[in-house]
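K.L.:
The primary structure of each chain is shown beneath.
There are 2 protein chains.
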Amino acid sequence: MIIYLAADHAGFALKDKIKAMLTKQGQEVIDVTPVFKDADDYPPVAQALAKQLLRRGTRDEQRGTRGLLLCGSGVGVCIAANRHKGIRAAVGHTVEEIKLAREHNDINALCLSGRSRLNEKELLKIIDAFLKTKKSSAVRHARRVKQLG
Amino acid sequence: MIIYLAADHAGFALKDKIKAMLTKQGQEVIDVTPVFKDADDYPPVAQALAKQLLRRGTRDEQRGTRGLLLCGSGVGVCIAANRHKGIRAAVGHTVEEIKLAREHNDINALCLSGRSRLNEKELLKIIDAFLKTKKSSAVRHARRVKQLG
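Residue numbers (this note's numbering), protein chains in the order written: chain V, 1 to 149; chain X, 1 to 149.
For reference, chain V alone in the conformation it holds in the complex (with noise of 0.2 angstroms):
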């Protein structure tokens, strides 16, 4: 799996230590935002990541796409995020409920706050059940994604 990673000002710092964390675990991870800008907008962030995840190229299709985005709060990214028809952003709070949106909602990007007071053990787990949850088979839950476009 690919997992590509942005972040605003807010988020960028947590946006590194998960980069530094994934990489560790082994995982292909491509980084939006590389470079540091001081006080930029969370929507156009947003927007470089959601048109990644939606391009359709045959490497990406092969091994399958996620996108972890980041503010201050995880709120901004992820209204941003789920402007464009095909990503279905949530921010993660729990290892529950983001279990939960990958199994009803197959949701494709993860909005954390840069500003959580989750520590680095429990922004794992969450990022985690992101990662590994596997969408649920049920016709319902399908057909609800299918509605979202």
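Hints should not be assumed to be uniformly reliable.
Any copy, or any two copies together, can satisfy a pair, since identical chains are not distinguished.
Said to hold, decoys possible - BS3-like cross-link-like pairs, simulated, lysine-lysine; straight-line CA separation at most 27 angstroms:
#1 K135 to K99
#2 K146 to K135
#3 K37 to K51
#4 K51 to K85
#5 K134 to K51
#6 K146 to K85
#7 K135 to K37
#8 K146 to K51
#9 K134 to K85
#10 K19 to K135
#11 K24 to K125
Derived by calculation from the structure, the hints in this document are not laboratory data.
Knowing the structure of chain V, use the given hints to seat chain X on it.
P.N.:
Frame of chain V; chain X shown alone:
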């Protein structure tokens, strides 16, 4: 302020509870989904509420409007609502989060989990923060909200 409410089957019971609590407070509440439907889908529910919030009527514009959306986790309706330009929706977990989302992201829709572990008092505090917190007057926040479309 006019508060629009909508819920799928999984959020229906809590929606009715919130409706009663808000009505008791003297709030004007309009229930977009007043009839319980077994296993209805969250995307059209969120869409119906978004349409009400985006409707430009003299009465709504003068008074101001907000939306409350409920499904099993809050995530499904949140993705669906954010598909609509002009809607800025967030899932409410804590008062602090929703205060910030009002100040920074000017959210106009609050999404709640019908299976929430929050008690009535905690939920009311989150709803209260959603209804009463003013958006920030900072130029940078207004610029970003405008970028969301």
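K.L.:
All hints are to be evaluated individually against the structure, with a verdict given for each.
P.N.:
Taking the hints in turn, this is what the structure says about them:
With identical chains, the CA atoms of K135 and K99 are at most 27 angstroms apart within one copy only, with a shortest distance of 9 angstroms there and 32 angstroms across copies. Proximity of K146 and K135 under a CA criterion of 27 angstroms is satisfied intra-copy only: 13 angstroms inside one chain copy versus 33 angstroms between copies. In this assembly of identical chains, K37 and K51 lie within 27 angstroms of each other by CA distance solely inside one copy; the values are 20 angstroms within and 37 angstroms between copies. Within a single copy, K51 and K85 get their C-alpha atoms as close as 11 angstroms, and across copies as close as 18 angstroms, so both meet the 27 angstroms cut-off.
In this homomeric assembly, K134 and K51 come within 27 angstroms of each other (Cα to Cα) only inside a single copy, at 23 angstroms, whereas the closest approach across copies is 32 angstroms. Proximity of K146 to K85 under the C-alpha cut-off of 27 angstroms is found in both arrangements, the shortest distances being 10 angstroms within a copy and 19 angstroms between copies. Proximity of K135 and K37 under a CA criterion of 27 angstroms is satisfied inter-copy only: 25 angstroms between copies versus 35 angstroms inside one chain copy. Taking CA atoms no more than 27 angstroms apart as the test, K146 paired with K51 passes in both settings, with 19 angstroms inside one copy and 20 angstroms between copies.
In this assembly of identical chains, K134 and K85 lie within 27 angstroms of each other by CA distance solely inside one copy; the values are 21 angstroms within and 30 angstroms between copies. Within a single copy, K19 and K135 get their C-alpha atoms as close as 24 angstroms, which meets the 27 angstroms cut-off; across copies the closest is 33 angstroms, which misses it. Taking the shortest Cα distances, K24 and K125 sit within 27 angstroms of each other inside one copy (15 angstroms), while across copies they are farther apart (41 angstroms).
In this structure, none of the earlier numbered hints is contradicted; all agree with it.
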